[in-house]
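Enquirer: With these hints in hand, go ahead and build the complete structure from the sequences.
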Amino acid sequence: MEPLTPAGVNIITHLAPDKRYRISVAVFRCRRIGGYAVLLLRKADQGPTHDWWDLPSGPALETDVAMIDAVGRIVFEKSGLGLRSYHKLQEVESTVAGSGSETITNLNLLVIDTSSDEVVIGDEFSRYDWVEEKRYHSLDIPDAMKEVVRQGFAFYRSTL
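Quick note: the sequence shown, position 126, residue 126 per full-length UniProt numbering, numbers continuous.
No false leads were mixed into what you were given.
Below, computed lysine-lysine pairings styled on DSSO-like, alpha-carbon distance capped at 27 Å: (1) 19 with 88; (2) 146 with 134; (3) 88 with 146.
Restraint ranges, calculated between C-beta atoms of paired labels, are given here: (4) 123 with 20: 22 to 28 Å; (5) 88 with 13: 18 to 24 Å; (6) 132 with 80: 20 to 26 Å; (7) 65 with 120: 24 to 30 Å; (8) 98 with 155: 24 to 30 Å; (9) 104 with 13: 15 to 21 Å; (10) 123 with 48: 17 to 23 Å; (11) 32 with 102: 41 to 47 Å.
Calculated from the structure, these hints are not laboratory results.
We put the CB at the ideal spot given by N, CA and C, even for glycine.
Expert: Now the structure itself:
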């Protein structure tokens with residue numbers, strides 16, 4: 001498995017205890033026709049971002065032993081997808097949101113889902129879509145997450 005951030009941390013309890021962490025996971029699937037698609041979830045709330053698409057995301061919890069545990073939990077909670085077999089995580093640049101003492105470090109990870117499981121979303125989201133590279137640019141996605149998706153497509157394109 002690739003070293004994970006910050007500074008190669010792969011064990012959740014090794015993250016700095018005085019900081020807050022959130023994990024965003026760009027889940028990719030290889031398409032039968034070639035190339036990849038990323039799982040995007042559309043928010044269901046009626047707030048200012050209700051039309052926005054996002055990645056499966058959630059907090060790092062003390063009950064998550066390793067980063068792969070956190071990724072598996074978050075992906076399952078948000079999409080119903082169970083990452084059943086070995087999955088190599090690829091990290092892309094972390095981002096920081098907020099200011100002063102209220103910052104959250106977002107650990108951004110890429111993973112390939114090799115299953116054919118159907119996505120099952122809860123009330124937090126209104127819909128989902130597997131989005132190919134040519135389409136994600138036109139969707140309302142937070143800029144930081146759009147960059148994670150861009151990096152994911154570039155990474156997986158380089159492995160074809």
